[in-house]
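If you read the protein sequences in the order shown, they are chains A and B. Each residue of the first sequence is one higher than the one before, starting from 1 at the first, in my numbering. Each residue of the second sequence is one higher than the one before, starting from 1 at the first, in my numbering.
Derived by calculation from the structure, the hints in this document are not laboratory data. Treat the numbers as computed from the prediction; the structure is a model and nothing was measured. A virtual CB, placed ideally from N, CA and C, is assigned to each residue, including glycine. A hint or two may mislead.
Okay, the calculated bits of chain B under chain A, using three or more residues with CB under 8 Å as the criterion [said to hold, decoys possible]: (1) 20-27; (2) 44-50; (3) 70-83; (4) 90-104; (5) 139-147; (6) 153-162.
Chain B residues, not near chain A, derived (Cβ > 12 Å throughout) [claimed, not checked]: (7) THR2; (8) ALA31; (9) LYS35; (10) VAL40; (11) ARG58; (12) PRO87; (13) ASP109; (14) GLY110; (15) GLU112; (16) LYS117; (17) LEU134; (18) GLY136.
Protein chains: 2
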Amino acid sequence: MTISLYQTSVPIFVQFLTSLSATLDKAAAFAEAKKVDPSVLLNTRLAPDMFPLVRQVRAATDHAISACGRLAGADLPTFANTEASIPELKDRIAKTIDFLKSLKAAQIDGTEAKEIKITLPSGATREFTGQSLLLGNSLPNFYFHCTTAYDILRHCGVELGKRDFMGTPVSL
Amino acid sequence: MTISLYQTSVPIFVQFLTSLSATLDKAAAFAEAKKVDPSVLLNTRLAPDMFPLVRQVRAATDHAISACGRLAGADLPTFANTEASIPELKDRIAKTIDFLKSLKAAQIDGTEAKEIKITLPSGATREFTGQSLLLGNSLPNFYFHCTTAYDILRHCGVELGKRDFMGTPVSL
Numbered sequence: 001m002t003i004s005l006y007q008t009s010v011p012i013f014v015q016f017l018t019s020l021s022a023t024l025d026k027a028a029a030f031a032e033a034k035k036v037d038p039s040v041l042l043n044t045r046l047a048p049d050m051f052p053l054v055r056q057v058r059a060a061t062d063h064a065i066s067a068c069g070r071l072a073g074a075d076l077p078t079f080a081n082t083e084a085s086i087p088e089l090k091d092r093i094a095k096t097i098d099f100l101k102s103l104k105a106a107q108i109d110g111t112e113a114k115e116i117k118i119t120l121p122s123g124a125t126r127e128f129t130g131q132s133l134l135l136g137n138s139l140p141n142f143y144f145h146c147t148t149a150y151d152i153l154r155h156c157g158v159e160l161g162k163r164d165f166m167g168t169p170v171s172l
Numbered sequence: 001m002t003i004s005l006y007q008t009s010v011p012i013f014v015q016f017l018t019s020l021s022a023t024l025d026k027a028a029a030f031a032e033a034k035k036v037d038p039s040v041l042l043n044t045r046l047a048p049d050m051f052p053l054v055r056q057v058r059a060a061t062d063h064a065i066s067a068c069g070r071l072a073g074a075d076l077p078t079f080a081n082t083e084a085s086i087p088e089l090k091d092r093i094a095k096t097i098d099f100l101k102s103l104k105a106a107q108i109d110g111t112e113a114k115e116i117k118i119t120l121p122s123g124a125t126r127e128f129t130g131q132s133l134l135l136g137n138s139l140p141n142f143y144f145h146c147t148t149a150y151d152i153l154r155h156c157g158v159e160l161g162k163r164d165f166m167g168t169p170v171s172l
């Protein structure tokens with residue numbers, strides 16, 4: 001027995017993007033109760049040279065799309081990266097989930113050894129296999145940004161617990 | 001083609017535990033340069049009801065041991081949970097890595113459907129398959145605690161970047 005690359009990717013990304021979106025609902029309710037502009041939360045960072053919440057959420061969606069889209073060989077949806085409100089961020093997450101769900105297991109399974117070259121914003125390129133991209137790059141980065149989004153909101157005082165981070169486990 | 005449960009677990013946990021240990025070296029150097037007691041860092045939390053750094057590191061090792069040990073059917077090493085210094089935490093990480101490296105691929109591969117029942121500290125039990133334990137529980141929790149450890153140190157001002165979190169990619 002072995003596990004499939006599809007099971008290791010799409011349902012996992014969907015689970016944690018869904019929980020991230022629900023976490024943003026709690027952030028919105030917190031801002032309303034405290035009479036704080038939600039953009040204060042979106043622009044909060046844990047250190048001056050770390051991304052603020054809004055970019056943590058964008059990065060989480062980017063890693064999910066990049067991994068699954070490249071494995072499947074699908075066109076990657078792009079965003080204007082101008083989200084400045086919680087509803088706009090939730091819309092980005094929803095569009096990401098729609099894209100992930102549009103991919104079929106047959107498109108992703110079997111791409112373990114597929115050669116994938118990624119050009120970084122710096123212009124440098126990195127070469128992966130499908131497996132090394134997903135396991136060694138995309139999943140850890142995805143979890144990094146989802147966790148840091150959660151950590152920022154916890155640091156701001158939003159009442160969240162580990163269950164909010166984990167969301168509803170998918171059947172694997 | 002498919003991927004193996006061993007490749008999805010042991011080398012990944014080892015990569016990120018190794019980077020976590022190196023991150024603690026930078027924390028120690030920071031404390032020394034700033035003439036701050038390292039225990040201040042170990043007891044820093046991002047919110048009053050979140051775990052401090054020392055427990056984030058313990059939790060990261062626990063999830064790695066629990067996942068790989070249960071998949072392999074090996075006795076799980078335990079710790080006294082009394083670490084109060086950076087060298088003691090690094091020793092715990094090193095012992096965790098030694099345990100993970102002692103497990104053979106043949107012990108872990110093929111355990112995707114293995115029934116695993118875990119009794120939580122509350123006394124409640126949760127049932128998993130090998131695959132659902134690793135992908136849906138242990139890896140996300142492991143990354144959660146590694147990331148939050150990193151976030152705490154960044155928040156304290158330790159000079160770290162994403163490369164410190166990622167460490168040296170393993171061959172997958």
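Using Cβ atoms and 12 Å as the threshold, tell me whether THR2 of chain B really stays out of contact range of chain A. 3 Å, violated
Hey, is LEU134 of chain B genuinely clear of chain A, shortest beta carbon separation above 12 Å? Nearest chain A Cβ is 9 Å from LEU134 of chain B, so the label is violated.
Three or more residues of the stretch 20-27 of chain B near chain A by CB distance under 8 Å? violated (count 0)
Given as non-interface: GLY136 of chain B, which should sit over 12 Å from chain A by C-beta: Check fails; 5 Å does not lie beyond 12 Å.
Confirm or reject: GLY110 of chain B is not an interface residue toward chain A, with every Cβ-Cβ distance exceeding 12 Å. 5 Å, violated
Are at least 3 residues of the stretch 44-50 of chain B within less than 8 Å of chain A when you compare beta carbons? This one holds; 3 residues, not fewer than the three required, reach chain A with a Cβ under 8 Å.
Least C-beta distance from ALA31 of chain B to chain A larger than 12 Å: 17 Å, holds
Please verify that the nearest CB of chain A lies beyond 12 Å from ASP109 of chain B's CB. Violated: least Cβ distance 7 Å, not greater than 12 Å.
Check on LYS117 of chain B being off the interface with chain A, judged by Cβ distance over 12 Å: 15 Å, holds
Run the C-beta distances from GLU112 of chain B to all of chain A and say if the shortest one exceeds 12 Å. 5 Å, violated
Within 8 Å of chain A's CB atoms, at least three CB atoms from the stretch 90-104 of chain B: coverage verdict: Coverage by chain A is violated here, the residue count being 0 at a Cβ distance below 8 Å.
Reported absence of ARG58 of chain B from the contact zone with chain A (all CB gaps over 12 Å): Nearest chain A Cβ is 15 Å from ARG58 of chain B, so the label holds.
Checked against the numbered hints given earlier, this structure breaks hints 1, 3, 4, 7, 13, 14, 15, 17 and 18; the rest are met.
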